[in-house]
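Colleague: Protein chains in written order, with the working numbering: chain L, 4 to 385; chain Y, 4 to 297.
Bear in mind the hints are in silico, worked out from the structure with no lab data behind them.
None of the values given here were measured: they were computed from a predicted structure.
Even glycine gets a Cβ: it sits at the ideal position worked out from N, Cα and C.
Any given hint could be a false lead.
[To be verified] Distance condition first, Cα-Cα at most 20 angstroms in a straight line; then the derived SDA-like pairs of lysine to any residue:
(1) L:K49 / Y:A82
(2) L:K49 / Y:T182
(3) L:K49 / L:Y222
(4) L:K49 / Y:L187
(5) L:K26 / L:D254
[To be verified] Computed beta-carbon distance windows for the label pairs:
(6) Y:H167 / L:G136: 43 to 49 angstroms
(7) Y:P52 / L:E17: 51 to 57 angstroms
(8) L:E103 / Y:G189: 40 to 46 angstroms
(9) Y:G209 / L:G77: 53 to 59 angstroms
(10) L:E103 / Y:Q253: 38 to 44 angstroms
(11) Y:D277 / L:V354: 38 to 44 angstroms
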Amino acid sequence: MAKVFNWQLGREMECPYEGHRPKRQFCMIMDTNKCIQCQTCTIACKSTWTWGQGQEYMLWNNIETKPFGFYPTGWDVNILDRLGSQAWKGDEYAGQTVFEAAPEGERVLGWLPDSDDWTFPNLGEDEPTGMAGETTYIPDMPHKDMWMFYLQRICNHCTYPACLAACPRQAIFKRDEDGIVLIDQERCRGYQECVQACPYKKSMFNLETRVSEKCIGCYPKVEQGLQSQCTTVCIGRLRLTDFVSTPDTADPHNPADFLVHGRKVALPLYPQLGLEPNVYYIPPVHVPADYTTQLFGPGVEKAIETYLNAKDDPELLGCLMLFGATERIIHRFEVKKGVATAYDRSGAELVSVPLKEPTIVRDGSYPTDIKGEPVTGFRHNT
Amino acid sequence: MGDSMTRGALLGAAGVAAVGAAAGVAIWKSGGDRPDLGDRVVAARVPDPVPGDDPRAGAWGRAEAIRVLLAAQTITQPALDALGIGDVTVRALHDGTSLALRLDWEDPDADDVASLARFQDAVAVQIPAASGAKPPSVAMGGPGQAVHILQWRATWQRDIDSGHRTGVADIFPRVVHDTTPDQLLGDAAVVYYPGRHAGNPLAQLGRTSPVEEAVAEGFGTLASLPQQRAAGRGVHEDGWWRVALSIPMQRAPAGAALVPGSSWPVAFALWLGDRGNRGSRKQFADWVTLEVAA
Numbered sequence: 004m005a006k007v008f009n010w011q012l013g014r015e016m017e018c019p020y021e022g023h024r025p026k027r028q029f030c031m032i033m034d035t036n037k038c039i040q041c042q043t044c045t046i047a048c049k050s051t052w053t054w055g056q057g058q059e060y061m062l063w064n065n066i067e068t069k070p071f072g073f074y075p076t077g078w079d080v081n082i083l084d085r086l087g088s089q090a091w092k093g094d095e096y097a098g099q100t101v102f103e104a105a106p107e108g109e110r111v112l113g114w115l116p117d118s119d120d121w122t123f124p125n126l127g128e129d130e131p132t133g134m135a136g137e138t139t140y141i142p143d144m145p146h147k148d149m150w151m152f153y154l155q156r157i158c159n160h161c162t163y164p165a166c167l168a169a170c171p172r173q174a175i176f177k178r179d180e181d182g183i184v185l186i187d188q189e190r191c192r193g194y195q196e197c198v199q200a201c202p203y204k205k206s207m208f209n210l211e212t213r214v215s216e217k218c219i220g221c222y223p224k225v226e227q228g229l230q231s232q233c234t235t236v237c238i239g240r241l242r243l244t245d246f247v248s249t250p251d252t253a254d255p256h257n258p259a260d261f262l263v264h265g266r267k268v269a270l271p272l273y274p275q276l277g278l279e280p281n282v283y284y285i286p287p288v289h290v291p292a293d294y295t296t297q298l299f300g301p302g303v304e305k306a307i308e309t310y311l312n313a314k315d316d317p318e319l320l321g322c323l324m325l326f327g328a329t330e331r332i333i334h335r336f337e338v339k340k341g342v343a344t345a346y347d348r349s350g351a352e353l354v355s356v357p358l359k360e361p362t363i364v365r366d367g368s369y370p371t372d373i374k375g376e377p378v379t380g381f382r383h384n385t
Numbered sequence: 004m005g006d007s008m009t010r011g012a013l014l015g016a017a018g019v020a021a022v023g024a025a026a027g028v029a030i031w032k033s034g035g036d037r038p039d040l041g042d043r044v045v046a047a048r049v050p051d052p053v054p055g056d057d058p059r060a061g062a063w064g065r066a067e068a069i070r071v072l073l074a075a076q077t078i079t080q081p082a083l084d085a086l087g088i089g090d091v092t093v094r095a096l097h098d099g100t101s102l103a104l105r106l107d108w109e110d111p112d113a114d115d116v117a118s119l120a121r122f123q124d125a126v127a128v129q130i131p132a133a134s135g136a137k138p139p140s141v142a143m144g145g146p147g148q149a150v151h152i153l154q155w156r157a158t159w160q161r162d163i164d165s166g167h168r169t170g171v172a173d174i175f176p177r178v179v180h181d182t183t184p185d186q187l188l189g190d191a192a193v194v195y196y197p198g199r200h201a202g203n204p205l206a207q208l209g210r211t212s213p214v215e216e217a218v219a220e221g222f223g224t225l226a227s228l229p230q231q232r233a234a235g236r237g238v239h240e241d242g243w244w245r246v247a248l249s250i251p252m253q254r255a256p257a258g259a260a261l262v263p264g265s266s267w268p269v270a271f272a273l274w275l276g277d278r279g280n281r282g283s284r285k286q287f288a289d290w291v292t293l294e295v296a297a
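Construct the complete structure from the given sequences, taking the supplied hints into account.
Modeller: Below, the structure written as structure tokens:
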């Protein structure tokens with residue numbers, strides 16, 4: 004196996020292929036704190052890409068309630084169980100990745116979900132970890148006994164994709180221009196090795212065409228400088244489609260680089276698996292850190308501290324305000340005089356957003372009669 | 004990997020397989036006398052057209068059967084973790100125009116549906132594209148050393164026998180699909196079937212043969228031929244698969260002609276669907292000799 008550098012693990016790791024970073028790397032930022040699990044993203048994705056027969060069960064995008072929600076069932080606890088207990092030493096991962104833990108005769112440590120595992124996309128929905136007492140108001144932060152949160156999931160378009168590594172036909176490729184990982188629909192022979200290898204379980208077998216498919220990062224939109232479908236429909240404005248750099252080449256004025264490498268508020272999902280995934284999550288502020296650290300690595304507590312300080316950090320606040328403010332991919336942003344402005348690659352302005360909405364306070368006095376008729380109460384929107 | 008290493012690995016695995024085959028005698032249930040293990044299969048010449056799509060045809064009685072040892076594929080990853088069957092019974096016939104083979108193996112269950120974590124039974128025959136003293140690597144050939152491959156799949160047999168391509172409505176009859184692209188778009192709906200739209204031969208409707216004709220130059224390089232000429236039929240009965248398949252002896256452009264009186268290396272691969280076999284997770288045989296009777 005080749006040696007490649009995984010910056011999320013802070014070390015070199017073994018990988019079946021030599022490392023080759025694309026010219027740009029597609030990424031998505033998710034602010035878990037803003038999601039209400041309305042599944043508008045899921046439906047936008049489904050109606051755009053997986054409407055065909057044989058794709059009924061496919062959710063390239065899904066939202067699941069953590070800790071009891073999974074699609075497919077048990078996708079993360081299954082691979083964590085197989086990997087066994089592993090440890091971080093500070094910011095360096097001291098455990099084994101799915102490549103390093105591959106059994107003899109395999110390229111990746113994986114498992115293949117059964118058809119039943121694809122049957123319950125809403126398993127554990129809204130299910131908290133404990134029972135409510137007299138009230139569901141919980142003043143402690145993070146919550147101790149009763150919590151849940153929503154996890155937004157698409158393909159991670161990993162720097163070191165396990166699906167790609169596992170395909171015996173090299174039918175999976177990572178595009179040099181944007182790092183999007185695709186399954187060659189002409190070349191695939193439906194062995195489902197990618198389904199078995201992907202720890203995030205975002206490769207799926209089409210029952211009609213008998214070849215496998217996956218999230219395509221909305222590449223036809225990305226090629227036109229547009230953010231993905233799941234991003235632009237999000238009513239919570241919690242998503243950002245962008246490109247992310249490595250830490251040493253990060254551009255502090257690029258939104259993704261700023262959030263991932265600058266303020267370090269957005270963290271990868273299960274980085275310990277070793278794929279260098281490129282969807283980055285702002286962790287939920289109310290969830291105990293031992294759980295979120297397992298999901299997002301050792302940077303969780305610092306990320307939450309920085310995030311909670313956004314009201315006093317105009318640059319961070321401005322960057323977050325640009326989520327959902329434009330359909331186009333933001334290349335650069337700046338915050339000046341209480342206004343965040345986004346620019347595209349050519350330097351053209353895309354949108355400007357005030358950090359605080361202007362507030363107008365109406366005169367609180369009201370007439371007591373209208374044309375002689377007494378007004379007996381406050382007027383409503385009638 | 005060098006050819007000698009390949010063969011060494013195979014012979015080692017074949018030793019293990021032989022033990023399994025000996026133990027297998029006790030579970031022999033039907034088919035008369037168990038054929039001897041062999042490394043030479045003779046394609047007898049018959050006056051009538053070969054029964055290339057009829058494994059039950061009486062003409063197969065004119066072909067001498069041999070058993071060929073199978074080994075677990077462990078040369079490339081992913082490997083087969085455990086051998087599921089130790090041998091396959093092989094017969095061959097030709098009529099001067101077409102060459103036919105019959106492959107029989109014991110398998111209590113017919114696995115003929117491809118679904119989620121569900122795989123099909125299959126068998127393949129491999130013959131070098133070019134004649135020569137030294138055969139290419141048995142591992143599906145190598146660069147510049149092409150092999151000609153015929154693969155029969157139980158899923159394709161089911162498609163043909165049932166008169167329609169098995170799909171989601173067969174596999175999950177209670178599936179709900181409000182409106183399908185086909186209902187609204189007609190032929191234009193093909194864009195919602197990406198593999199089919201991309202021209203993947205595995206994804207197409209209207210398959211007429213359960214056998215795919217392909218060439219390869221090493222593991223992972225299998226390429227379906229644009230013109231498909233192989234015929235075949237597999238029948239599952241009495242806990243056995245019996246699969247007949249045939250190709251024209253004039254193999255161009257897939258390879259040199261299989262002329263009467265010539266000898267060829269031939270190798271086999273076998274997949275058991277219920278054991279999760281697919282792709283390189285397979286049983287395979289080392290080269291044996293195929294004699295095309297004069």
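Colleague: Between L:E103 and Y:G189, does the beta-carbon spacing fit 40 to 46 angstroms?
Modeller: violated (51 angstroms)
Colleague: Using the beta carbons of Y:D277 and L:V354, state whether their distance is inside 38 to 44 angstroms or not.
Modeller: Since the Cβ atoms of Y:D277 and L:V354 sit about 56 angstroms apart, the hinted range of 38 to 44 angstroms is violated.
Colleague: Can you confirm whether the C-alpha distance between L:K49 and L:Y222 stays at or below 20 angstroms?
Modeller: holds (15 angstroms)
Colleague: Using the C-beta atoms of Y:P52 and L:E17, is the stated range 51 to 57 angstroms upheld?
Modeller: 56 angstroms Cβ-Cβ, so the 51 to 57 angstroms window holds.
Colleague: With 53 to 59 angstroms as the target window, see if Y:G209 and L:G77 comply at their CB atoms.
Modeller: violated (39 angstroms)
Colleague: Assess, step by step, whether the Cα of L:K49 is no farther than 20 angstroms from the Cα of Y:A82, and give holds or violated.
Modeller: The hint is violated at about 35 angstroms.
Colleague: Are L:K26 and L:D254 close enough, with their CA atoms no more than 20 angstroms apart?
Modeller: holds (14 angstroms)
Colleague: L:K49 and Y:L187 were given as a pair; does the straight-line alpha-carbon distance stay at or below 20 angstroms?
Modeller: holds (17 angstroms)
Colleague: Does Y:T182 sit within 20 angstroms of L:K49, going by the straight-line distance between their CA atoms?
Modeller: Satisfied, since the Cα-Cα distance of roughly 13 angstroms is no more than 20 angstroms.
Colleague: L:E103 and Y:Q253, beta-carbon distance inside 38 to 44 angstroms?
Modeller: Given range 38 to 44 angstroms: violated, Cβ gap about 51 angstroms.
Colleague: Is the hinted range of 43 to 49 angstroms satisfied by the C-beta distance from Y:H167 to L:G136?
Modeller: Given a distance of about 58 angstroms, which is not inside 43 to 49 angstroms, the answer is violated.
Checked against the numbered hints listed earlier, the structure breaks hints 1, 6, 8, 9, 10 and 11; every other hint is satisfied.
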